[in-house]
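**Student:** Sequence:
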Amino acid sequence: MERDSPVSLQELVGAAERLRRRKAEGPGARFDWLAAVEDARDRLAVHPFPVAPVPAFTLMQNGKGRMVASPVASERLIEEALAPILLRAFEGCWRESVHGYRSGRSTFTAAKAASESLAAGRRHVALLDVCDFYGSINREVLHSRLSERLSQRVVETVYALMSAPLLSDGQHIDLPRGLVLGRPLSPFLANLYMTPVDDAMMACAATYLRYADDVFLAAASVDQRNDAEQHFVTSLAGLGLSLQVVKTKRFEYDGAPFVYLGHAIDHKRVFERVKPVRLARITDQHTRNAAPPCEASDTPLPQPNKRSRTLYLTEPGVFLSIRGGLVVVRKGKDTLREIPLHRIDRVLLLGGSSMTSGFVSACISADIPVLFFVARGKTFGSLVAGGMLNPLRLRAQYDLIGRSDRRMALARAIVLAKIDAMIRRLINVDEAAAIRQRLNDLRRRLDVAVSPASFRGFEGSATRDYYEGFAMRIKESAFRFTQRTRRPPKDRINSLLSFSYSLLFGEMQTALLREGLDPYPGLLHDLRPKHPALASDLVEPYRVLIADSFVLSLVNTRQIGEADFEHHSRGAVYMTAVGRRTFLEAYEAYMSRPPSRGKSWATPRRLLETAARAMLDVVLGEQADLHLPLQVEEDPQSFESTHT
Numbered sequence: 000m001e002r003d004s005p006v007s008l009q010e011l012v013g014a015a016e017r018l019r020r021r022k023a024e025g026p027g028a029r030f031d032w033l034a035a036v037e038d039a040r041d042r043l044a045v046h047p048f049p050v051a052p053v054p055a056f057t058l059m060q061n062g063k064g065r066m067v068a069s070p071v072a073s074e075r076l077i078e079e080a081l082a083p084i085l086l087r088a089f090e091g092c093w094r095e096s097v098h099g100y101r102s103g104r105s106t107f108t109a110a111k112a113a114s115e116s117l118a119a120g121r122r123h124v125a126l127l128d129v130c131d132f133y134g135s136i137n138r139e140v141l142h143s144r145l146s147e148r149l150s151q152r153v154v155e156t157v158y159a160l161m162s163a164p165l166l167s168d169g170q171h172i173d174l175p176r177g178l179v180l181g182r183p184l185s186p187f188l189a190n191l192y193m194t195p196v197d198d199a200m201m202a203c204a205a206t207y208l209r210y211a212d213d214v215f216l217a218a219a220s221v222d223q224r225n226d227a228e229q230h231f232v233t234s235l236a237g238l239g240l241s242l243q244v245v246k247t248k249r250f251e252y253d254g255a256p257f258v259y260l261g262h263a264i265d266h267k268r269v270f271e272r273v274k275p276v277r278l279a280r281i282t283d284q285h286t287r288n289a290a291p292p293c294e295a296s297d298t299p300l301p302q303p304n305k306r307s308r309t310l311y312l313t314e315p316g317v318f319l320s321i322r323g324g325l326v327v328v329r330k331g332k333d334t335l336r337e338i339p340l341h342r343i344d345r346v347l348l349l350g351g352s353s354m355t356s357g358f359v360s361a362c363i364s365a366d367i368p369v370l371f372f373v374a375r376g377k378t379f380g381s382l383v384a385g386g387m388l389n390p391l392r393l394r395a396q397y398d399l400i401g402r403s404d405r406r407m408a409l410a411r412a413i414v415l416a417k418i419d420a421m422i423r424r425l426i427n428v429d430e431a432a433a434i435r436q437r438l439n440d441l442r443r444r445l446d447v448a449v450s451p452a453s454f455r456g457f458e459g460s461a462t463r464d465y466y467e468g469f470a471m472r473i474k475e476s477a478f479r480f481t482q483r484t485r486r487p488p489k490d491r492i493n494s495l496l497s498f499s500y501s502l503l504f505g506e507m508q509t510a511l512l513r514e515g516l517d518p519y520p521g522l523l524h525d526l527r528p529k530h531p532a533l534a535s536d537l538v539e540p541y542r543v544l545i546a547d548s549f550v551l552s553l554v555n556t557r558q559i560g561e562a563d564f565e566h567h568s569r570g571a572v573y574m575t576a577v578g579r580r581t582f583l584e585a586y587e588a589y590m591s592r593p594p595s596r597g598k599s600w601a602t603p604r605r606l607l608e609t610a611a612r613a614m615l616d617v618v619l620g621e622q623a624d625l626h627l628p629l630q631v632e633e634d635p636q637s638f639e640s641t642h643t
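Residue numbers (numbering that gives the first Met the number 0): 0 to 643.
Take the hints with a grain of salt, since some may be wrong.
To be verified - With a straight-line Cα cutoff of 35 Å, these simulated DSBU-like cross-link-like pairs (lysine-lysine) come out:
(1) Lys248 <-> Lys267
(2) Lys330 <-> Lys63
(3) Lys474 <-> Lys330
(4) Lys111 <-> Lys330
(5) Lys111 <-> Lys63
(6) Lys489 <-> Lys474
(7) Lys111 <-> Lys332
(8) Lys330 <-> Lys267
(9) Lys267 <-> Lys246
(10) Lys246 <-> Lys111
(11) Lys63 <-> Lys332
(12) Lys474 <-> Lys246
Bear in mind the hints are in silico, worked out from the structure with no lab data behind them.
Take the sequences, apply the hints, and build the full model.
**Tutor:** Structure follows, in structure tokens:
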């Protein structure tokens, strides 16, 4: 039975992952985050939310004391999990003028906007500060604003957290109003409280910028600046806030740099802040290298192209070992190849190969996955560095798949993505217009499915229709295709499809393991022994998008021909050893090469990795829905493969 909670287990685990990453080198690296997740989940299931005193201390600044909270791990975890919920609910309500505590915004972006305002001729400046900003916030007003977009349980939990008493030096301190610094939600809530002021300031002729309670005004004249300042003061009063007069600065910019939010700015640039220790290091490096220093820039330096190399072992009796950083490939007493380990990104074994424990250890240490295939290309398993070692992610994954409503939604997303991929692949086939129409009809009827079995039925119907159109795209008469056959494949096209699907399946299984997910419990396919159902689920759209496209390219460009196949018992058709080698060389080139047309620079292999990451985003509560990409926009990369 689903527990009544304002926060899902997936969102709690996602929050734990974020906190764990921030504390990766500190005491939090050994903290039991799984126990903290369960503790937070138990507290959130109680209604009303149980309030506990929050440890706090007094921080002295400029001779004045300020109370700062230091929440315990489970409470910090709850606030961290609530933060994305609040951000999604109020997305789009922030004005461009707001730079504090927003993704992609910082003191630098605020300073840059201020510099641009000066360059536009607005040189009458006022720097303002709100008096006791956090301590003066009316929590009842915040409660009302939160209630406009959030569920009652979420609002009640947030209100309970920000109203909790403080515990300092053994004394309980109840604050009748305001927010406490040190609580993860306080900056967001303070920003939300100020939105009426931000809205009101849009009517002013002056530039208005805000970072928390620090405000920048710039106008073309003194009168415009004074009018804007008065408008700001009036708007503050409507929220029970006032200006801190002693910190107010008004001046006319004369071209000399001044400091805003810790950055020195003028009308041309924002000067980089360099701490004395770093400045000494830069100076020392300059002296040693005798090279001119680089100017600070917002543009990231180009990264070197990543090269992806796969070592394929197709010949039986091959033995792998490691010696002096080299992978040694031997057969009997003969050494076939010696390849530097750092030039290999993955190893794929298709024959009866063996290896030393040293080779296995080297692959694990270098994060090189090893994929095993048996018989005629059937996937056997993967050896992945660090795979299946993330209990937080597994806890969230099992809970997610155990919830029928969530499993249904995710299964629907998979079938929807596969049908979209089918339509995409048949879009330029004029003879397939009727098939595309049937696929679109199936797509519209997905909402009537009531179980994973129902979705599998829709997927099966769509696949049968799609293969009719797929056959129309084959140009070579020797590769005529009538229906899908497997175990065994009964013709050349089915042999190519089966082998391609197995390779894709193995890569998806490896990608899931590298993300710390279990590839076995499925969404669309049911769990059964020795079958990684989740890998089968997620690879479905890419059978069409990648494998089918590759097979068509291989056949229609005559990279492989009739002589590359042989007939076996029971009508089975398999590739010869030479044909399999040709296939693998073409497959690696295809998987590692970005498409030459369109906006996408993602390689097919990158699409599989992105799909696994999309599943992880759902498991961690980062995304509510599963978005399997049919293309990914990113920079081009160069690739290379090694074959034995």
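**Student:** Taking the hints in turn, state whether each one holds.
**Tutor:** Now the hints, each set against the structure:
no., hint, in the structure
1, Lys248 <-> Lys267, "holds (21 Å)"
2, Lys330 <-> Lys63, "violated (77 Å)"
3, Lys474 <-> Lys330, "violated (40 Å)"
4, Lys111 <-> Lys330, "violated (64 Å)"
5, Lys111 <-> Lys63, "holds (31 Å)"
6, Lys489 <-> Lys474, "holds (19 Å)"
7, Lys111 <-> Lys332, "violated (67 Å)"
8, Lys330 <-> Lys267, "violated (67 Å)"
9, Lys267 <-> Lys246, "holds (26 Å)"
10, Lys246 <-> Lys111, "holds (22 Å)"
11, Lys63 <-> Lys332, "violated (80 Å)"
12, Lys474 <-> Lys246, "violated (78 Å)"
In this structure, the earlier hints numbered 2, 3, 4, 7, 8, 11 and 12 are contradicted, and the remaining ones agree with it.
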